[in-house]
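Student: Fit chain B to the given chain A structure using the hints.
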Amino acid sequence: MDHRITRALLVAAVVAVASACPRNPPPPVTPSPTVNQDSIDAAERARREAAERAEAARRDSINRANAAREDSLRRAREAVEGIRSALTAPIYFDYDSDAIGEAGRAALDQKLAILQANSGVRLRIAGHADERGSDEYNLALGQRRAAAAKRYLTQRGIPEAQIEIISFGEERPAASGADESAWAQNRRDEFEITAGGDALRAPAGP
Amino acid sequence: MNFRSVLLAALAAFALTTSLAAQDTTARGVRIGLTYQPGTRPGVVVLPVSGANGDSVRMILQRDLDFGDRVEIIGREGSTVADVARQQGGTMNYPLWRQLGALAIVQATATASGVRIAVHDVAAAGILNARDFTLPMPGLSAAWRMALHGVSDEIERWITGTRGAAQTRVAFVRGGRIHVVDSDGYGERAVSEQGTALSPAWHPSGRWIAYSAFGPRGTQIVVRDLQSGGTRVASPRPGLNITPEFSPDGSLLIWGFAEESGTDLVAAPYPGGGDPRRITVGRGSDNVSPSFSPDGRRLAFTSSRAGHPEIYTADVDGANVELLTTYLAGDQSYRSNPAWSPDGRVVAFQSLVAGRFQIMTISLRDRGMKQLTSEGINEDPAWAPDGRHLVFTSSRTGTKQLFVLDAETGRARQLTRAGGARLAAWSRVLDRAP
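So the sequences go chain by chain: A and B. Quick note on numbering: the first sequence equals residues 1 to 206 in my numbering. Quick note on numbering: the second sequence equals residues 1 to 434 in my numbering.
No lab work stands behind these hints: they were computed from the structure. Errors might be hidden in some of the hints.
As the list claims (entries may be wrong) - Pair by pair, the computed Cβ-Cβ distance ranges are:
no. : chain 1 : residue 1 : chain 2 : residue 2 : range
1   : A       : 179       : B       : 50        : 53 to 61 Å
2   : A       : 106       : B       : 355       : 28 to 36 Å
3   : A       : 109       : B       : 142       : 55 to 63 Å
4   : A       : 63        : B       : 190       : 58 to 66 Å
5   : B       : 369       : A       : 95        : 22 to 30 Å
What the hints assert, rightly or not - Here are some chain A residues pointing at chain B (derived, C-beta under 10 Å):
no. : residue
6   : 132
7   : 135
8   : 144
9   : 190
Each residue gets a CB set at the ideal place from its N, CA and C atoms; glycine is no exception.
If we strip away everything but chain A, and leave its shape as in the complex, we get (with noise of 0.2 Å):
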């Protein structure tokens, strides 16, 4: 053995005794607790963090679903809105006249076809005229614009007592003003869902 490797032994020895005992005396503070709880802090954080996602994701999942349901409701309703109000679009007339002009037989070969696939569906027509004739005259001539609609739609197949109608004469005007612009939309037929109207069903075919 020579004198080398003696040395490195003794350092060896040295570095093991000096590992052994606290080179420095120790800090005259207990180990920080800010250390520690930020630790305890980050690793609820974390948790808490992975919760909510977990949680966020549970919701955007439901959200997703409730969205998909109430996009296919919506879709749903919009479409018992447009039977709907298909259903009770007015039709016009000229004046002094019930004769059912072809804007009208459009409108109502629409109702005729949600009449048809919709056997529960109650209407009742309304027939209104505008304030120019004589205010009882005008009477029988609403009923007569009512009773030609509901017979445009009685001899195409819809049963009598789906169908129901009154007349306004010119006392409920749905335009006022005293030009021809007012009096075109007071002279109609108003159509009013008075039961069946909650679960409309679209009409079959294109």
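Tutor: Below, chain B without anything else, positioned relative to chain A:
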């Protein structure tokens, strides 16, 4: 016999004593009617009235005689008449009244039970007629007023030979409710509930008013008892039941009824009811707004059977239909709402003239037409029982209001002022009405 005043004195005395013999209850030897120039209106002074409500009595008598359009009220405004009367004390200075243009002096005195009336004939320098009238107390009540209108009407008969029509009411529509108002514009009140009521018609007794009323399933004819306030539905079938009218004897109620093929007139006994019988065969057209001839045998009504509304007449059972208002082929006129005059001679109606409704009459003898209005839009004529005044709806003030027109002179007065008013019906004389 429209203008008894046009007769000469001798003829008048003869004709009137014979024609009025049955209803004249005045003492023997008392003449009915003054003697005055044909085509003129006799001047009449209503003296100041002493006693309870004297001012109101005088005002009402003056106004009624004025609205009757058969006499000329002298000294209505100003103090001349009052001064002249005061100067005379209790005596009558006939020559002085004559100078003021008066042919008759109405002297009224309030009594405990009503009013004493003496009418002086200025030309004859004596009393033409005198009578005590009972008025229901208290004074100024609705019943008191109506009875005093009856006094005015009797005074008018004493002076002109023709009874006035002040003792009447007019029914009409305002805001969907049936209202009534005295012939002089006072005492307006609603007689039906909130809703949409139209087309009032008086029973000749003055006790009932029929009208149409909107309901959830159509329009019905409702008859209201003005005595009890009660109502009943007179139309047995649902659908459109509109424009009721009573026959002159009150035994028949007639109206327009529609289900799904046009409106036809139907009739049912009143007050018995029973199944309505169809009168018109409109074949899908509209047949509405009936008006009876005064003898109750014929009807005038609006019909669209020729494509647009015109006035037709028919027997009460629907036979013998005739077009009354002639028109040219292609004419898109519009004539409706007939009212047969109480003297049976003409039918009043509304007709489009230059795009606006005006009141016209058509003679049943020669079909001669006469336009009575031109200002604003004028609709829905109805005759007073005197056969010379018409009430109708007019837009001349900006809103729809009722006006009364003297068909002889063309003089018009406004009857209603508040809100809108339309579809008037004039009662018979209400001498026994509630």
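Student: With reference to the structure, classify each hint as holding or not holding.
Tutor: Hint-by-hint comparison with the structure:
{"no.": "1", "hint": "A:179 x B:50: 53 to 61 Å", "in the structure": "holds, 59 Å"}
{"no.": "2", "hint": "A:106 x B:355: 28 to 36 Å", "in the structure": "holds, 32 Å"}
{"no.": "3", "hint": "A:109 x B:142: 55 to 63 Å", "in the structure": "holds, 59 Å"}
{"no.": "4", "hint": "A:63 x B:190: 58 to 66 Å", "in the structure": "holds, 59 Å"}
{"no.": "5", "hint": "B:369 x A:95: 22 to 30 Å", "in the structure": "holds, 24 Å"}
{"no.": "6", "hint": "132", "in the structure": "holds, 9 Å"}
{"no.": "7", "hint": "135", "in the structure": "holds, 6 Å"}
{"no.": "8", "hint": "144", "in the structure": "holds, 6 Å"}
{"no.": "9", "hint": "190", "in the structure": "violated, 14 Å"}
Checked against the numbered hints given earlier, the structure breaks only hint 9 and satisfies all the rest.
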